[in-house]
Amino acid sequence: MRSEQPNAPLWGQRRRGWRAGGAWALLPLAFLGLALFLPLWEVLRLGLQADGLWTAAPLRSVLGDPYIRRLLLFTVEQALLSTGLSLVLGFPLGWLLTRYRFPGHDALRAMTLVPFVLPPITVALGFVLFFGHAGYLNRFLQAAFGLAEPPIRVLYTLWGIVLAHAFYNAPVVARFVNVAWEAQDPTHVEAARVLGAGRLKAFFTVTLPALVPGALSACALVFLLCTLSFAIPLSLGGARYATIEVGVYNLARVDVDLARAAALALVVLAVSLALTCLYVRGGGLLRPVSSREREQPTVPLLDRKRPARLLWLVYLLPAALVFLGPIGAVIADSFLRPAPGGSSPTLHWYRIALSADTTPFLGTSPLGSILTSLGVALAAAGGALILGLAISAAVRRLRSRVLETLLMAPLGVSSVVLGLALLLAFRRPPLSFLPPGPWPLVVAHILIVYPFVVRAVGPLWESLDPRLVEAARTLGASRRLAFLTVELPLLRSGLLVAGARAFALSLGEMTATAMLARPGLNTIPLAIYQFLSSRRFGAASAMATVLMVTTALVAWAWERTGRGLLGRREKAFLASDSHRGGAEIAEPVERVASGFMPDDKAVRGLKAVADRLRRYREPIHSTTDVLRVSAVRKHRRNHA
Amino acid sequence: MLEVRRLTKRFGHVVAVEDFTLAVPEGEVLALLGPSGCGKTTVLRIVAGLERPDAGRVILAGRDATDWPPEKRGVGLVFQSYALFPHLSVGANVAYGLRFRRGDRKGRVRELLALVGLARYERRKPHQLSAGQQQRVALARALAPEPRVLLLDEPLSALDAALRKDLRAELRALLGKLGMTALYVTHDQEEALALADRVAVMREGRLEQVAPPEELYSRPKTPFVASFLGRANLWPGRVVSVDGDRAFVEVAGERIPAERGECREGDEVFLFFRPEWVEVGEGLFTAEVESAEYLGDRWELRARFCDLPLVLITGQDPRSSGTLPFAIPTARTIHQQ
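Each protein sequence line maps, in turn, to chains A and B.
Under this note's numbering, the first residue of the first sequence is numbered 55, with each subsequent residue one higher.
Under this note's numbering, the first residue of the second sequence is numbered 4, with each subsequent residue one higher.
Hints may be right or wrong, so weigh each one.
As the list claims (entries may be wrong) - With beta-carbon atoms standing in for the labels, derived distance ranges:
(1) 207(B) x 460(A): 35 to 43 Å
(2) 155(A) x 173(B): 19 to 27 Å
(3) 60(B) x 84(A): 50 to 58 Å
(4) 455(A) x 60(B): 57 to 65 Å
(5) 542(A) x 114(B): 28 to 36 Å
These are computed hints drawn from the structure, not numbers from a lab.
Small disclaimer: the values here were computed from a predicted structure and weren't measured.
We put the CB at the ideal spot given by N, CA and C, even for glycine.
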């Protein structure tokens, strides 16, 4: 009987849908109006007005500037190269993770998530320390081969940027490939083999074509990320190699030519909106569809009878060098770089990084930066939770595409543009009425991280059985009380996870932060950049290590709490057959918001979870299970 | 106790419930029976206040409750999927509806858990229970706030067959003991016949017939009811004469006597009779047997009589084909629609 109207909402919701949902939408819309749309309007005005008149002249002048043209060209060039290199480096990793089993497999798989956690500035620092002319790699090679000149010269060239981007994005490609591959039905290959195709032919005619959508999707995403990358080209590009994002920063913060910055920001905004739309739209089409009967078979990597598999070392060793070298270099450097007195290992750099004395080029004390960072991250996480919850509720009730696009708009706005917009907006009423403080930073960080909260909470909320609320209502709870006593407790783990993630992201955010920083208002990533650009590597390393450890701790804690809570609480009850129809609308946005990851486990575990759901009593163990459940539902709906 | 008047509910262009009127007196268990998609769950949800009808009224204990929110209606609802709160223990689930009232809540929770035979499970989480136990908790939770009316939405359909039968008997005994007014939605005719004081058969959003189980089975008012409950032979024919409470129906050139019911001479009717009402082995008519199915205690035959399909039941091994004499001592008429 449920078949007739499985999604029928409470009549109160239906009748007063717009009113009840509207209330939820009001807070986010008001906030976004003040904090995003009004500031963007300021950019638009500044970029398209001259002497109070609307004109395209500033835009034309910016686009006609040969320097800006070079920026644009270089941006596309490095993004294309980075995407290519990421594909080349990432594809084998995806292959390795799918086909082979070996000790540390799961750890390696988990490590592909590192780029989503690691602040880009630490990567940039790691590259300087590891690949620099006087870096660890060069020193090692010089010592080993007795060379007079450093053999590796990639820093402050195009290739340094490309390599750092590949470091960052190859794991993304690996993950996409891994997901697409595991979603394949192994019987297809078997069918090809039985029909006479050799191992290679089966790979090229069956496996590879099925991976193309996943790989393309990954490339689109990597291209987007590299185009809008900021910290890496800023730190590794030197004066010559700047991207448009860095260009906006230089115009606004170095040349202090806000009008030109605004005009260029409009170009960046157009690019980022276009690429995001392309990725969101195309990503859905390219999503691998799983119809497989069983898991992909795996073979052991270490097999005495198959020594050829050791050839993987040819890939793995250099890859490990590229991936682990920079991070290791940062940590090592923070202890090993000799203190002014010459002692090494030393804690001197940590003393500097944690000192409360004002450092001139930071404009504040290192400790002050750390405290600002923590405070801003805490405020941003709290704000993002409230905003994300309200938006999830509004989207859930209203099911309006336009509204959803509006509410998730920050996804399509590059962080530099966001920073510039807030920089402009905070100079004028109404935002200038705010009491002095780190408000611009907090607002920027909220805007950057709240989509991740929506992403974490939305699907969880969708997967709650609507009958739980109905049961509460028939037992005498009002709508509000049912939310407080049933929905909110069940969402708690999701909120915790989302809050921790928002916190970590805010800690590492540097792009909008760089635009908004002012003397006395500094954050950890910015301090690292300032230490780095004034060549105080030891202090930069110590600070970066502090940042990485904090981020990793938060990441670890969020995974643990999320799991624990879910394990104890949200069991198979999330798994009734009923669902609400909004997941499909939420999906593309979710995907972008998720830190650009498909629900790999969702795809992988479709069948297993479906089985468990059928048995009903099986508990659901983790966040990913919940995501799987929503994937199962989508799958069912698509095939209904 | 519960009354719905002329309910109509549409979802977009789909009419889920149309002009539906039904009354459940105090202490009665009424089963709402119908195939999937006939609108019975919608009726239940309207009664619970989870859907708002497009037209019609819901009367609870003599008061118009149509505009009351669910929490004010004082109805208990047992869901097909139980919808137990996963974050609360069994005891807390049962106590949930009690938090809005005064009195000895703990005692009440214990009392109810004892009633459903789960006294020792108060501290467990729902997921630690079997499906049957979860069902009982759902029942206890719905009963805890002493609802005026208990609504059950296919409460047994998620259980396996054996458990379903046990719980069915238990549920019947429990509802009887409590003297509960209940509306029980199901698509399982056996469940409806076994549990309910009266059964309402629904079809495509409309009420077909309300009657006690025996009457529904032996005197269905519509061909749909006749064929939805058990096996039925329905032969189209015309009433050629009426004699007291007998009617003679002309079917395939034969005049067959039947209980008259409400028909008049000249009416187009179905001649309706159950397979088990037919006397097989002797009689004026001859059936051509097409197939026979052995069901353990009986044989079910598919046969034809003058090109009309015929289902028969016999205790003896029939010839699997060929002809078989039979008589129809009992038959009724149902108006063609």
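Which hint numbers does the structure go against, in order from smallest to largest? 2, 3, 4
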